[in-house]
Structure formats: C-alpha cells, structure tokens
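Visitor: Got two chains here, separate frames each, mind docking them using the hints?
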Amino acid sequence: MICVLLVDDDQELTEMLSQYLEREGFEVTAVHTGEEGEVQALSGRYSIVVLDVMLPRLSGIEVLRRIRAASQVPVVLLTARGDNIDKITGLELGADDYVPKPSSPGELVARLRAIMRRVQPADQPTTEVIRTGPLVLWPGKRQALWQGRELGVTSTEFSLLEELARCAGQVVSKQDLSLNALGCPLTRYDRRIDVHISSIRQKLGPRPDTKAWIQSVRGLGYLLIAE
Amino acid sequence: MMKPSRLFWKLFLAFWLATSLTFFVGLGMLVLGSFKPGDPHLEAILASEEQLLRQFGVESGRQLLMVWERPDDQAIGVYDSAGQLLAGSPVPRPAYDRSIISKDGITLSLRSTHSPGREGDQRPGRLTPLIIGTVMSALFSGYLAYYLAWPLVYLRRAMSDVAQGRFETRVKPMMGGRRDEIVDLAEDCDRMANQLKLLVEAQQHLLHDISHELRSPLTRMQAAIGLLQQDPARQEMVERIERELVRMDTLIEALLTLARLQGRPGSIEREPLDIIELLTVIVEDAQFEAGMKGCRVSLQTCPAFVSRVSGELLYRCFENVIRNAVRYTRPNTTVVVLAEVNLDASCLRVRITDQGQGVENERLQSIFHPFERGMNEASAGFGLGLAIAARAVEMHGGTIVARNEPSCGLTVEISLPGLARSLHEITLA
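Heads up: the protein sequence lines correspond to chains L and H, in order. Under this note's numbering, the residues of the first sequence are numbered 812 to 1038, in order. Under this note's numbering, the residues of the second sequence are numbered 12 to 440, in order.
Some hints here could point you the wrong way.
To be verified - Distance ranges between label pairs, derived from CB positions:
(1) H:F382 with L:R876: 21 to 29 angstroms
(2) H:D260 with L:S1009: 28 to 36 angstroms
(3) L:R856 with H:L217: 36 to 44 angstroms
(4) H:L229 with L:R928: 52 to 60 angstroms
(5) H:M185 with L:E961: 39 to 47 angstroms
(6) L:L853 with H:R271: 30 to 38 angstroms
(7) L:R856 with H:H219: 30 to 38 angstroms
(8) H:Q311 with L:R876: 37 to 45 angstroms
(9) L:I1036 with H:L217: 49 to 57 angstroms
If you are wondering where the hints come from, they were derived from the structure by calculation, not from laboratory data. These numbers come from a predicted model, not from an experiment. Think of the CB as a built atom: it goes at the ideal place given N, C-alpha and C, for glycine as much as any other residue.
The shape of chain H in the complex, shown without the other chains (with noise of 0.2 angstroms):
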C-alpha cells in the first residue's frame, strides 16, 4: 500500500472542501432564510393578544399590553370601530392591522407598529440554496480540473517532443513553485529526455568510432593497393592488405561481444568455475608476450575461488587487462597480478599493475569506454578491450576501477562476488 501522498491529500482536501462548504452554504441560506424578517416576539404577543380579546374581552387585553415590555420603537394598540384606542399605546402608522370580534361582541382592530413578520411570505426562494450550492461546486471542480490539468498539457507536450527526438525539451521550469506528484513526474520525464539524449549520443558516436576504425584498415587496403599495382613486384604488400584484413575481423569479433555484452545480466550461461585457475592460464600465456620486451607477470594468488560465472567472457576479461599492463609496462619491468579472497569469501578481488606511465587522471573512468584510447596510440588496438572487461565484470554483478599507482603505473581493480551471491542473483534474475 502506498503512502497517501501530496496529490492525495490536495485532491482529498478539495473535494472535501467544496463539497462541506456546498453543504453549509446550503443549509446557512436555509436557517437564514426561516429567521431574518420575522420578530418572533412581537408575533407571539400578538397571538397572546388575539386570543385574549376574543376570549376574555378588551380589559384582559389591556392588561396584557400593560404588562409588555415593549421596544421603543415598538407600539401595540386596540381600536374600537370609530378609531377610538381602548388599550395599549396609540399606533399611528400600523404597518399590521386585524379586526377581532371581541368576547362582548364588539369590532375591535389590532394594530401594531411592526408587522409580525411572513405576511407577503419575503422568505428566499426555496431554489436558492440549491442555486448557490451548484454554482459554488461548479467553481470548486472548475478550479481543481485546470489546476490537475494544465500540468498535464505541458507533459503531453514534452512527451510528444521527446517521441520526435527533441530531447532537449524540459517541462519543468513549466511547473512554477507547485509540489507534488505531478511535478515529481515531470521531472521524471525530464530526466527520462536527458538519459535518452545521452543514450542516443553515445550511440551515434559509437557508430561513428565504429565506422572510422572500419575505415582506416580499408584506407590502408587501398594504399596497399596502389602500391602493390604501381610495382607488382612488392608482394609484402599482400602480406599487409592480409593484416588489415585480420585486423578488422578482430575489430568485428570485439564489436559483436560488446553488443552481445550488452544484454540483461541473465543473458549469459554461467558454470562453476575456479578463477583462480583461470588467471593462472591467462598469465602463462601472457608471459611469452611479456617476454618479448623483457617484461615478466608475476602471480601472487590463493588457493581457489570457485563461483558461477561465464568462463569464456571472464577469459577474455582478464585476458585483456592483463595483457594491456603488458603493452603499456615499461621493458625489463614486473606485472603484478595478485589476487585475494576477502574474509568470508564472498569476493575475489583481482589487482594487475604495471609500470607504465600510467593515465591522465581525467581519464581514469573514460579509458572503460569504448575506442577510448591513449594519444599516440593509433595503431595499438581498437581501444574495445577495457570496454569489453568493464561490461562483462558488470554482468557478473563486479565492479572494475582504475587508478595510477603513486610511484608510477596503473592498476586495475576488479572485484567478482562468490558464489553464494552470484547464485542469489541468478535466482532473483
């Protein structure tokens, strides 16, 4: 069950509100409307009177009226059928005026200054209440259907503008000062057109590296080419036209485990695997290229670590990274691979440091990019290597940082859950 949140307790409130205050305006004109005019008193003082005339005759009257302590501005008087007063004080404008046969028989008038109230019936309109009561609510939802609604324009607006591709679009600085969860999902889409800006970027400018790494082995092709038609006698030039081809096979092949690399982390078949052993292959392997400038990997390991992972993505994870440290050490120097299992030996953490000249700090999380390369490095790789291990960490549930060393080199640390959680996230995926 969810909160009750701002947007419920505004509409709550104003539904709530128009419809109370409808009610009490209704039944206010009501209670109003029975009261006002009349005077309660003087109408019962008249009746008393009435009653006594009729029944005991003019001196019981007389006392009556003696007794009453009459307003001011307030006169009761009996007249005889000459116009003669019998009782009480002398009317001269009497606005109420009844002729009463007396119990002797005699045409009395009654009259008073004051009318007793509800003769010309001036109570309002029994339409009344109802009229004000529809009229208060029509402006109560009125106002409560353009202050639901208007935010709402301005979201399908941006909407269709994100739908068009205009992703620059923000609704907002539309909103005004206003809190709730309306506003809430307008920023939500306004973050939504910003993540897709930068998705949709990211993907033009991978495109766009994409298409100029396929371009340059094809430009070199050509000038092989040339060469090879402008002295056929140069044969290495076959050789040469052969490389690039190989080369953008290998560019392919990285192209296609990158895409493949970014699917849902359940994509991938995973076997219990020690990786431990893993490394150990790789860096045997990467020794002999280590050997070529010099340069030695020296492995300082633990014993096993077993978990469920992707044996062939991990290889070329690692395989990358290690061997990355071997092209960019300096010669005649150590590749330090070490490898430890925390406490409770639910993470592997892997660190390879070189001794190269390390990366400008700036870089430190781009150089995870792909074809993000080092200056001067043109020719050295496709720059799909560190992209591909920081994927395939992340699809293992690991995380992959870089840092320079203070003395001098770069170190790649990758950490990789252990079994236990790596089988609770199989599990919840």
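Chain L with its partners taken away, still in its complex shape (with noise of 0.2 angstroms):
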C-alpha cells in the first residue's frame, strides 16, 4: 500500500482527492498547513508527498525547502496554472513532478504511479550495479555513490541519472529521459528534464578539465561523460 501525504488548505478538496485516491489503491492522509505538512512528511510513514504551493502562511514552496533539508521523499507540487514560477522553483528545490491546479485527480494518480514506479522498481534485480567513471549506482537500492561518496539525490534525479549511466558516453535524448526517467512522454516548452538534470549538475560539480559532467547536446539531449 502506497502512503500518501495531502497538504492543501482547501478541506473539501482535501476531502474529494482522498476518496478519489483511496479508491484508486492509495492510502490517504490529509493535513490543511504548512507547518502540519512539514512535520508529517519528515515522520517518515509516507512514499509520496503531495504539497499546494498556495497554502496560507508557511508557503508550499518553504515547506518544500524545508522538507529537502532532510528527507528525499518525493514530492509532487500542486501549482497554479500558468505560474511557471512557482513550477521552475520547485522542481529547483527538488520537487519530482508538479501537477497543475485545476486538473483531474487522474492526472494526479497517474503522475503518482510514474514516481513510485521509479522509487520503487518491481522486478529490478537488488544487485545490479552500474559503474561509470566515479558514479555506482545501486539502482534496487535507489543508492548512488559519487567519488565514494553518498550523493543525496530525489528520486527523480536518480531515475535520469540512472538513464544517463546506463548509456554513458552516449548522447541520450530528451523524449527517451521523459519517457523513461519521468514517466510521461516529452511535452512542450516542458522544462522539466532541464531543471532536473541542471540540479545534479550542481551536486556532481565540475570536471577536473572545469567542464561539467553531464554535457547537454543542443537539439539531441544529454549526455553523462565516461571516463
């Protein structure tokens, strides 16, 4: 059973959604404030957050911040049509996906089942390991090791990375990283796989030579550097 954490202010909302999910196979707990939703997400119990940008007070996008300063559970925004802002900030804090506010709760399951299909792979061996360069990744584990260091990714980045590793050396494209690192086929002006891979840039950091690990292939994709 899959744990879902609701944070949204709006109770009737709040209501509808957690029937909506429990039917469909979720187990649901619905809390109305920021503060509340940062302290039941850091407790541990749940797979998935789902987090309103627009809650009063302590703002979805601080609770995000703040929830990325301990724990890399994955969290789903709900943003606001349109506010693209809010979009390109969350997904810079570390957010996993974002789903626009108003859409349909199947939306919302779907892009559910996308994240934990990838935090949690059916019938991937445990023991498989991919080596490249200083990069392991253990991806039944969800573990990576940079440089012989624990490198502390969301589970989003860690599925691109892992579709980066895999073909390391190769350009991969970006339709091929949405499609199998996202779930969900490449849209446009979607930038998503940007942010996202923009984030583990940073968390790699540069090259000896000062060039960035994952290059991006203008008009092709990215590509992970082999060595």
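Guide: Next comes the structure, spelled out in structure tokens:
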C-alpha cells in the first residue's frame, strides 16, 4: 500500500481527493497547513507527498525547502496553472514533479504512479550495479555513490542519472529521458528535464577540466561523460 | 492669483541682476574711460597759459605760472626759439611741446613735463562696453539656463522610466540641496511613481487572488467529476458540482459589484431612503441565519434617518457586515446592531458588534481589502463582503472602521452623512 500525504488548505478538495485516491488503492492522510505538512512529511510514514504551493502563512515552496533539507521523500507539487515561477522554483528545490491546478484527479494519480514506479522498481534485481567513472549506482536500492561518497539525489534525479549512466558516453534524447525517467512523454515548453539535470550537475560539481559531467547536446539531449 | 514662488524669485533676481550688472558695467566703462588718462587741471592751466601768452604776452604768462601751485612732479615752462627759459620752471624732458606766437610777435614754445592727455586718444574703444556687456549677459544666461535645465533632464528621464513601468525610479535625490518648484515637481514625480507602483501591485495581487479564487471551485469540480467517473452511482457529486457552480457565480457577481464600486461617487444612482427601515429588513433576514446557531440579532435604533443613497449598495453593505457578525459570533450569543443619529441629524452612526474572537489588531484595517480572510476559514467566503461594504460606504461619503471590543468580539462602525451633506456632495459632484 502506498501512503500519500496530501497537504492542501482546501478541506473540501482534500476530502474528495482522498476518496478518489483511496479508491485507486492509495492510503491517504490529509493535513491543511504547511507546518503540519512539514512535520508529517518528515515522519517517514509516507512514500510520497502531494503539496499545494498556495498555502496560507507557510507557503508550499517553503515547506518543500524544509522537507528537502532533511529528506529525499518524493514530492509532487500542486501549482496554479500558468504560474511558471512556482514550477521552476519547485523543481529546482527538488520537487519530483508538479501537477497544475485545476486538473483531473486522474492526472494526479498517473503522476503519482509514475513516480512510485521509479522509486519502487518491481522486477529489478537488487544486486544490479551500474558503474561509470566515479559514479556507482544501485538501482535496486536507489542508492548512488559519487567519488566514494553518498550522493543525495531525489528519486527523479536518481532515475535521470540512471538513464544517463546506462548509456554513459552516448547522447540520450530528452524524449527518452522523459519517457523512461519521468514516466511521461515530453511536451512542448516542458522544462522539467532541464531543471532536474541542472540540479544534478550542481550536485556532481565540475570535472577537473572545469567542464560539467553532464553535457547538453543542443537539439539532441544530454550526455554523461564516461571516464 | 498664485503667490510668487521660490522659482519666481530666483528667475526674477537672476534676470534683474544680469541686466542691471550689464548696464552698470557698461556705464562704468564709459565713465572711467572719459576721465582716466587725462589731467583736467593741467589741461586748464596749459589752455589759460596759452591764452595769456597770445593775448597779453610773456609777462602775464609768467605771472600765471608763478601763482600756479604746481605739484612737485609737474613743471611748465615757456621757452623762446633759442631754447631760453622765459617763464615758469625748467622742463628737461617735455612730454608736451606747443609753439605759440605771442602778442609781441615772438615765437614761443610752451612745454610741460606731463601731457594734458587725450593727445593720442587713449580712450578705450567704443565697442568695449558692448563686448563686456554681451559676455556678461552670456555668462549669466548660460548659468541660468543650465540651472533651470539640468533638473528637467533628470525629471524627463524619470518620467520616461515611469512610462516604461520602472516605478522604483527616484529623482529627488538627484536634486541635491536645492529647494524650489522644480524640486517640488521632482518630489511629486517620485510620489506618483510610488503610488503607481502600489496601484499596479495591488491590481496584480487582486488578479492573482481572483484567479486563485476561481480556480479553487474548478479544482473541486474536477475532483467531483473524477469521483463520479470512478463510481457513477455517487449522485451526490452532481450536487457538489452544482454547489461549486453557484459559488463561482456568487464570486463573479461579487467581483462585478466591487468593480462597479471602483468608479466615482457621482456614478451611482441615489434615491431618498430611510436607512433605519433598510436596517430593520436586513436584521429580520439575518435573524433566521442566526437562529440556526442559537444566536440572536438585536436592533436598537432611532426613529428614522432619510438620506439620498443607493439603496442596493447600502443593502449589500449592511447585509455583508451583519451576516459577517452572525457568522463569527459564538453560538448562543447576541449580535447587537445599534443605530444612532448625532445631535444635528447630520450623521448616522451604525455599530455592529459580535461576540466572536475579534481579529488581530494588525488586521483591523486589512480586513476591508479584497480577499482578505482570517486563517482557517478557507471555505467561509471569498473575503469580498467587507471590501464591498467599505467601498459602498466610501461612495456615500461615509467612513467604516473596525475595532476589537475590550471584552471580546469585533465592532464595525459605519458613519453615513445625512440628507443635507449628501445633497451638498451631489451638487458638488
């Protein structure tokens, strides 16, 4: 059973969404303030957090910042449609995905399932290891070592890194990255991949020759330099 | 007629100073030029001496030179053609030498150590005063023009910044310690920029709030539709969708009312109306709602208060405030509506007091802003009611304030001008 934490100040909405998600096989807890959301999200009881950006007092973005300071639990943001700033800031702060409001609960469920598929790979041998250069990935455990140290990446970032590492030294198209790592086809003006990649780049740091480990190939996609 | 201003005096003094200075300099040059190199005393003596020699001969010439009290450094002498000194003192190096035929028919030579002047016409050129005047006035005008023009350059730049939407531009600090109307204008420009900034921000904020408020019922409708699709048997979801539709409709209507209230006070239609009667009707309506939570609305009022008002707007205004009070008062308490007219019947004061929690002191003013709601009351309303009430009262030339009661609860006090004042305002508008 997947435990979902729903953080939204609209009680009527959370009530209906809870009913919907429960019928889809999720277990849902709803809270209505940012403070409560932060505490619950960090309790470790939830597999995924759905967080509204427009919360009174403590905004969703701030809650996300606080969650990310302590935990890599997957977070899906509910943003106002057309508000690009929230989307980009959210992704930069380590949100795994966002769902614009208003959109159908079916859309939310699809996004949640896509993320959960990544986080809990059903039929992957836990012993599989991907090594390329200073990077070691255990897809089964969702664990990443970088230059011998634990690399703190969100589950979405891990999936992207995994895709790139599997084809290290080759260009992976954004379309493939979107399908395999985010679980949905690439749409126009979709900046999610770019934002996630730039976040991974920051975590990897520069190469000795000052170039980035992940190179963007204009019009084609991204490439992880293999050593 | 406007009082002569600082700028007026600056300009006046500058022009006056420039013209009079030019005038005086020119005049000074002329006067000085006519006196400077020549010596009128010496000139007179020489002229008299010459006259005497011509008319009376050497003897009288000698007598004149003897009585002349000559300065130490000057000397005048009369010589004959052989160079013999006949009268006066010896002149070793004559600066002036004039030959004269005396009465006796002798050729004489009148010599002086100093020239009586103006011989070579050493007077300054006649153009000099003109040139100096021109240069002086050019300098003055140049300075004056610069002094007036440079702040205008900054002002113009600031204005064009504002026109392009950069409202944070400030021009006053550029003006230094100067004080006149141009600086006042700069200050006004800064104030305007700031006001525009606040207005635009308020508008954007409002738009943001409106879109959020419209989105919330849409999101709930989508959730309800999702549930209905999951299980077509859940017919209560249709009612839910309907409820959200009504809510959206109410919101849009409230927004339109608010938009209508942004106009000028003269733009509303007024009719003579007894406000007390209006209050009675509203309180009766609110009684039902209050009864559902065991509350009561008590109306304490004066006989009648007729004013020229928009009945519809004032109805909404009092209804919003009274229903708000009923919503927030604790169960089984009384909401008091107290209406009183002041002594000369020029003003009606209505106090609506509930027995709820009141609001935080820092929010006492902002509760009249659109979409301003208390915490934990997301679905209690849109936060437009008090905004509409406040605008409606303002349109009628009245005031609305909120304050917390010392014991508990919130009082909203509305003051409305009476017939006399409102009529006066209408004629003004």
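Visitor: So does Q311 of chain H sit 37 to 45 angstroms from R876 of chain L, Cβ to Cβ?
Guide: 53 angstroms, violated
Visitor: For the hint 39 to 47 angstroms, verify it against the beta carbon of M185 of chain H and that of E961 of chain L.
Guide: The hinted range 39 to 47 angstroms is violated for M185 of chain H and E961 of chain L, with Cβ atoms some 56 angstroms apart.
Visitor: Check the following: the C-beta atoms of D260 of chain H and S1009 of chain L are separated by a distance inside 28 to 36 angstroms.
Guide: Violated - the Cβ-Cβ distance for D260 of chain H and S1009 of chain L, about 44 angstroms, lies outside 28 to 36 angstroms.
Visitor: Note whether the CB distance of I1036 of chain L and L217 of chain H lies within 49 to 57 angstroms or breaks it.
Guide: Given a distance of about 50 angstroms, which is inside 49 to 57 angstroms, the answer is holds.
Visitor: Holds or violated: the 30 to 38 angstroms window for the beta-carbon distance between L853 of chain L and R271 of chain H?
Guide: Distance hint for L853 of chain L, R271 of chain H is violated at roughly 48 angstroms.
Visitor: Confirm or reject the claim that R856 of chain L and L217 of chain H have a C-beta distance inside 36 to 44 angstroms.
Guide: 40 angstroms, holds
Visitor: Looking only at beta-carbon atoms, does the pair R856 of chain L, H219 of chain H fall within the given range of 30 to 38 angstroms?
Guide: 34 angstroms, holds
Visitor: Can the suggested window of 21 to 29 angstroms be confirmed for the beta-carbon pair F382 of chain H and R876 of chain L?
Guide: 26 angstroms, holds
Visitor: Just to be sure I understand the hint, the distance between the Cβ atoms of L229 of chain H and R928 of chain L should be within 52 to 60 angstroms; is that true here?
Guide: 29 angstroms, violated
Comparing the model with each earlier hint shows violations of hints 2, 4, 5, 6 and 8; every other hint is respected.
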